[in-house]
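Trainee: Residue-level listing of the chains:
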Amino acid sequence: MGDFAALLDGFTTAVQPIYLLYALIGVTLGTAVGVLPGIGPAMTVALLLPLTYTLEPTAALIMFAGIYYGGMYGGSTTSILLNTPGESASIITALEGNAMAKAGRGAAALATAAIGSFIAGTLATVALTLLAPAIADVAVKLGPQDYVALMVVAFLTVAALLGSSPARGIAALAVGLFLGLVGTDTLTAQQRFTFGVPALADGIDVVVVAVGVFAVGEALYVASRMRRGPIPLVPISGKFMTKDDMRRSWRPWLRGTAVGFPIGTMPAGGAEVATFLSYSLERRLSKRKHEFGNGAIEGVAGPESANNAAAAGVLVPLLTLGLPTSATAAIIIAAFQSYGIRPGPLLFQNESALVWALIASLYIGNVLLLVLNLPLVGVWVKLLQIPRPYLYAGILTFAALGSYSVGASTSDVVLLFLLGVLGWTMRRFGYPIAPAVVGLILGPIAEEQLRRTLAISQGDLTALVTSPFAALAYTALVVFMVLGWWLKRRQARTEAELAAAARAESQPAVVEGGRR
Amino acid sequence: MTIVVGYVPKPEGRAALRAALDEADRRAESLHVLNTSRGDALVDPSYASPQDLEDVRRLLEEAGVEFDLEHRVGGRDGAEEVVEAAEKQNASLIVIGLRRRSPTGKLIFGSNAQRILLDAPCPVLAVKAPAGEAAGHLH
Numbered sequence: 001m002g003d004f005a006a007l008l009d010g011f012t013t014a015v016q017p018i019y020l021l022y023a024l025i026g027v028t029l030g031t032a033v034g035v036l037p038g039i040g041p042a043m044t045v046a047l048l049l050p051l052t053y054t055l056e057p058t059a060a061l062i063m064f065a066g067i068y069y070g071g072m073y074g075g076s077t078t079s080i081l082l083n084t085p086g087e088s089a090s091i092i093t094a095l096e097g098n099a100m101a102k103a104g105r106g107a108a109a110l111a112t113a114a115i116g117s118f119i120a121g122t123l124a125t126v127a128l129t130l131l132a133p134a135i136a137d138v139a140v141k142l143g144p145q146d147y148v149a150l151m152v153v154a155f156l157t158v159a160a161l162l163g164s165s166p167a168r169g170i171a172a173l174a175v176g177l178f179l180g181l182v183g184t185d186t187l188t189a190q191q192r193f194t195f196g197v198p199a200l201a202d203g204i205d206v207v208v209v210a211v212g213v214f215a216v217g218e219a220l221y222v223a224s225r226m227r228r229g230p231i232p233l234v235p236i237s238g239k240f241m242t243k244d245d246m247r248r249s250w251r252p253w254l255r256g257t258a259v260g261f262p263i264g265t266m267p268a269g270g271a272e273v274a275t276f277l278s279y280s281l282e283r284r285l286s287k288r289k290h291e292f293g294n295g296a297i298e299g300v301a302g303p304e305s306a307n308n309a310a311a312a313g314v315l316v317p318l319l320t321l322g323l324p325t326s327a328t329a330a331i332i333i334a335a336f337q338s339y340g341i342r343p344g345p346l347l348f349q350n351e352s353a354l355v356w357a358l359i360a361s362l363y364i365g366n367v368l369l370l371v372l373n374l375p376l377v378g379v380w381v382k383l384l385q386i387p388r389p390y391l392y393a394g395i396l397t398f399a400a401l402g403s404y405s406v407g408a409s410t411s412d413v414v415l416l417f418l419l420g421v422l423g424w425t426m427r428r429f430g431y432p433i434a435p436a437v438v439g440l441i442l443g444p445i446a447e448e449q450l451r452r453t454l455a456i457s458q459g460d461l462t463a464l465v466t467s468p469f470a471a472l473a474y475t476a477l478v479v480f481m482v483l484g485w486w487l488k489r490r491q492a493r494t495e496a497e498l499a500a501a502a503r504a505e506s507q508p509a510v511v512e513g514g515r516r
Numbered sequence: 517m518t519i520v521v522g523y524v525p526k527p528e529g530r531a532a533l534r535a536a537l538d539e540a541d542r543r544a545e546s547l548h549v550l551n552t553s554r555g556d557a558l559v560d561p562s563y564a565s566p567q568d569l570e571d572v573r574r575l576l577e578e579a580g581v582e583f584d585l586e587h588r589v590g591g592r593d594g595a596e597e598v599v600e601a602a603e604k605q606n607a608s609l610i611v612i613g614l615r616r617r618s619p620t621g622k623l624i625f626g627s628n629a630q631r632i633l634l635d636a637p638c639p640v641l642a643v644k645a646p647a648g649e650a651a652g653h654l655h
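Those sequence lines, one after another, are chains A and B. Letter by letter, the first sequence follows residues 1 to 516 of the working numbering. Letter by letter, the second sequence follows residues 517 to 655 of the working numbering.
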């Protein structure tokens, strides 16, 4: 069956009313959490993991993909109207978009963000559709030593590039790998790090860890720095899109897509980096440099497209290789695992119907998001009036309920809050959480593949690097590291310039939560 | 003696402010204008923006009454803040604005006006926004 026929098949699944409903729930929730600063798609998907055990995998994954895409849309609304980025990938939008809103062009900023997100999301999903099966075809030929190489690439890139410093990232990764080791060894049935506690003999449930560090940790973190007055909301004003806005926006949309998608596919830092890169590109190309920082529409159109394109790009390694390159992707892997589906090269072969329905739902989700976002912006903004204590109390309750429902055991709930404190500590001291979750999820797989490799080679360690693909992967690792380091530097430079510009205007851009 | 007025940047709040001004004039008393927020939500439409506050200040100065303006974020409800201010100022009158609220809305959110009426240490004057007044300006 050709890929196109498979995609059509996917569409026939995805347009079934029940799946459309889940897609709608997903994008609505996604937009809502995108709008609310401090609550991100990773936390939301983690919270919903236990609830979706009763759903069939297709429905759950369609919903999660909707949340993932929706988060990218919603973040721009808060950024533009409140100057508080809902997500880390909207920091740039906060800057340029809020300046536009203050200049009475808020409606145009919202429109260019939403339409740009739609165009970039759709184009990037097309790219994903074309690229993913090709990569999957290559990936099925991989041997265990190649998997080990892939895991090493994933571990090191995520650890080194997602956090504030490589040392912190690697420390967080080590925590995750350690948590992954707890339990009974699958080959020898020895108990590892269980301290004789029977509840730990099965290992620590990924769901409990994900909910603990993401949801509980984040809620505690935000609660610990709650006291802050309301921020004035810039009213939505101006025309939606004039001809001139359109003319100035369409090129940044396309360029943002071109920048965002490849960065998303590479484990080199995720959507946030893509937005910075797109912003500095737009500024360099623009004939109206003086407008940048004071509300240039290109500075909203480009980055907003880039973050959506990157979100689609992240799905390429996720679906073809089982490699998560962002926090949300890591949680989605956990979702796959909880359904007994092994994410990785065989996914396209074994679960072809599921994967294509998922991809088809991304197209549908993008349309839904465009329809939901622009006309309903007033409703989304109302969400910001919810008192935060209610919100976080709700999250904590939901988290406790969810992890209790996983195994109906109170020790899971105790563990949940212990991990929550761990998550809070990590967050408080700048340790990224994504590497820990990636380590926890991929660690056991990596261990298994490593032992299998060594069993086949009878203990010969050179087997790990002699296969062509593995050698290629380690080379790519070096490239990613250099590239990631370079991108980070670019981002830091752009940030420094922006900070200088902001100081000149004495208008601090507030960043709260959402860092992944 | 002082008149305490709970101000919100909405039609009913503006109506309250105007009524309080008249009353202060009539009684030749000073005015204590209060606008607070619990500060636990990111956006609070009852919390006056700096520009709105400037409008209020200008209006009060033009009216020529003695006044002070209290604008801050506390941890408490508007009703508690108003009652406490009235107690502290030993107020002769509290002026508040009323708005229509559906029974469900009242059930869920409670009523600040009712709390003030029940807890106030002094008479309370409650006014409604004139029918059809848009969310416009003070004058």
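If you're looking for bench data, these hints aren't it; they were derived computationally from the structure. Glycine residues also receive a C-beta, built at the ideal position from the N, C-alpha and C atoms. Treat each hint with caution, since some may be false.
Partial pick of chain B residues on the chain A-facing surface, computed with a CB cut under 7 angstroms [stated by the list, open to error]:
{"#": "1", "residue": "D556"}
{"#": "2", "residue": "Y563"}
{"#": "3", "residue": "G580"}
Chain B is nowhere near these chain A residues, computed Cβ spacing over 10 angstroms in every case [unchecked claim]:
{"#": "4", "residue": "L233"}
{"#": "5", "residue": "V381"}
{"#": "6", "residue": "Q385"}
Pairs of lysine-lysine, DSS-like flavour, derived with a Cα cap of 30 angstroms [stated by the list, open to error]:
{"#": "7", "chain 1": "B", "residue 1": "K644", "chain 2": "B", "residue 2": "K622"}
{"#": "8", "chain 1": "B", "residue 1": "K644", "chain 2": "A", "residue 2": "K382"}
{"#": "9", "chain 1": "B", "residue 1": "K644", "chain 2": "B", "residue 2": "K526"}
{"#": "10", "chain 1": "A", "residue 1": "K287", "chain 2": "A", "residue 2": "K141"}
{"#": "11", "chain 1": "A", "residue 1": "K382", "chain 2": "B", "residue 2": "K604"}
{"#": "12", "chain 1": "A", "residue 1": "K287", "chain 2": "A", "residue 2": "K102"}
{"#": "13", "chain 1": "A", "residue 1": "K239", "chain 2": "B", "residue 2": "K526"}
{"#": "14", "chain 1": "A", "residue 1": "K289", "chain 2": "A", "residue 2": "K382"}
{"#": "15", "chain 1": "B", "residue 1": "K622", "chain 2": "B", "residue 2": "K526"}
{"#": "16", "chain 1": "A", "residue 1": "K102", "chain 2": "A", "residue 2": "K141"}
{"#": "17", "chain 1": "A", "residue 1": "K239", "chain 2": "A", "residue 2": "K289"}
{"#": "18", "chain 1": "B", "residue 1": "K526", "chain 2": "A", "residue 2": "K382"}
{"#": "19", "chain 1": "B", "residue 1": "K622", "chain 2": "B", "residue 2": "K604"}
{"#": "20", "chain 1": "A", "residue 1": "K102", "chain 2": "B", "residue 2": "K622"}
{"#": "21", "chain 1": "A", "residue 1": "K382", "chain 2": "A", "residue 2": "K239"}
Trainee: Let me make sure I understand: some of the numbered hints might not hold for this structure. Which ones are they, in numerical order?
Mentor: Structure breaks hints 3, 4, 5, 6, 10, 11, 14, 16, 20.
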